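Novice: In my numbering, the protein residues as written are 0 to 178.
Just so you know, not all the hints are guaranteed correct.
[Said to hold, decoys possible] Simulated DEER-style distance windows between Cβ atoms:
1) Ser52 x Arg81: 19 to 25 Å
2) Pro12 x Glu164: 26 to 32 Å
3) Asp30 x Ala156: 30 to 36 Å
4) Ser130 x Met0: 22 to 28 Å
5) Phe36 x Ile167: 34 to 40 Å
6) Pro82 x Ser130: 37 to 43 Å
7) Phe125 x Ala1: 28 to 34 Å
8) Asp118 x Gly160: 34 to 40 Å
9) Val163 x Asp15: 35 to 41 Å
10) Glu155 x Asp122: 20 to 26 Å
11) Pro34 x Gln96: 20 to 26 Å
12) Gln162 x Pro17: 29 to 35 Å
[To be verified] Derived DSS-like pairs (lysine-lysine); straight-line CA-CA distance at most 25 Å:
13) Lys146 x Lys168
14) Lys168 x Lys144
15) Lys128 x Lys168
16) Lys105 x Lys168
17) Lys128 x Lys105
18) Lys105 x Lys143
19) Lys114 x Lys8
20) Lys114 x Lys143
21) Lys105 x Lys8
22) Lys8 x Lys40
23) Lys114 x Lys144
24) Lys27 x Lys114
25) Lys143 x Lys8
26) Lys128 x Lys146
27) Lys27 x Lys144
28) Lys114 x Lys146
29) Lys114 x Lys128
30) Lys114 x Lys168
31) Lys35 x Lys8
32) Lys40 x Lys27
33) Lys8 x Lys27
34) Lys143 x Lys128
By construction, these hints were calculated from the structure, which means they are not laboratory data. These figures come from a predicted structure and were not determined experimentally. Here a beta-carbon is modelled for each residue, glycine too, at the ideal position from N, C-alpha and C.
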Amino acid sequence: MAYFARITKRLPPSIDSPAMNAVIMGRKTWDSIPPKFRPLKGRLNIVISRSFSSPPSEPASLETDSVKASSLEQAISYLQSRPQGTLGRVFVIGGGQIYASALELKEARRVLLTKVMSDFECDTYFSLKLSDEAERDCDSAWVKKTKEELDAWAGEAVPEGLQVENDIKYEFQMWERRN
């Protein structure tokens with residue numbers, strides 16, 4: 000979680016404060032975050048739910064409130080309407096339907112993937128099949144980037160190769176859409 004927090008908070012070098020990155024998530028992802036950690040600090044939180052009927056509006060406080068949107072398109076429109084220089088990077092952080100919708104957009108250029116090499120019982124899966132085998136397929140729309148490219152984009156030395164934590168093996172990867 001520390002990697003996730005650092006990456007989603009850190010502004011790209013070309014953007015100055017007081018800009019802030021945004022995280023877009025579905026309501027179930029929002030609900031899965033313990034209340035004491037909501038909203039995710041240091042980021043503009045946008046929660047998507049079909050039950051939200053009014054258009055998004057600036058919350059009273061970005062430190063204590065989130066922006067509510069009824070669709071991914073509405074969330075993106077809200078972000079595009081923000082004043083110049085107030086927005087850094089935009090991260091889509093889940094759930095499955097939000098990921099799938101975001102990946103259909105031309106603006107989705109990059110996937111930061113924590114590839115977990117352990118089996119878990121799950122009810123939600125990432126819709127793209129990103130693997131070394133898939134990358135070799137010349138029809139693949141995505142290409143895996145090098146560790147150096149990931150480090151440069153992330154603004155830090157990302158741990159390389161297989162990591163192990165509590166007997167769970169994982170690897171940090173970055174994939175970019177082919178032109």
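Novice: So which hints don't hold here, by number, going up?
Specialist: Numbers 5, 7, 8, 10, 16 and 27, in rising order.
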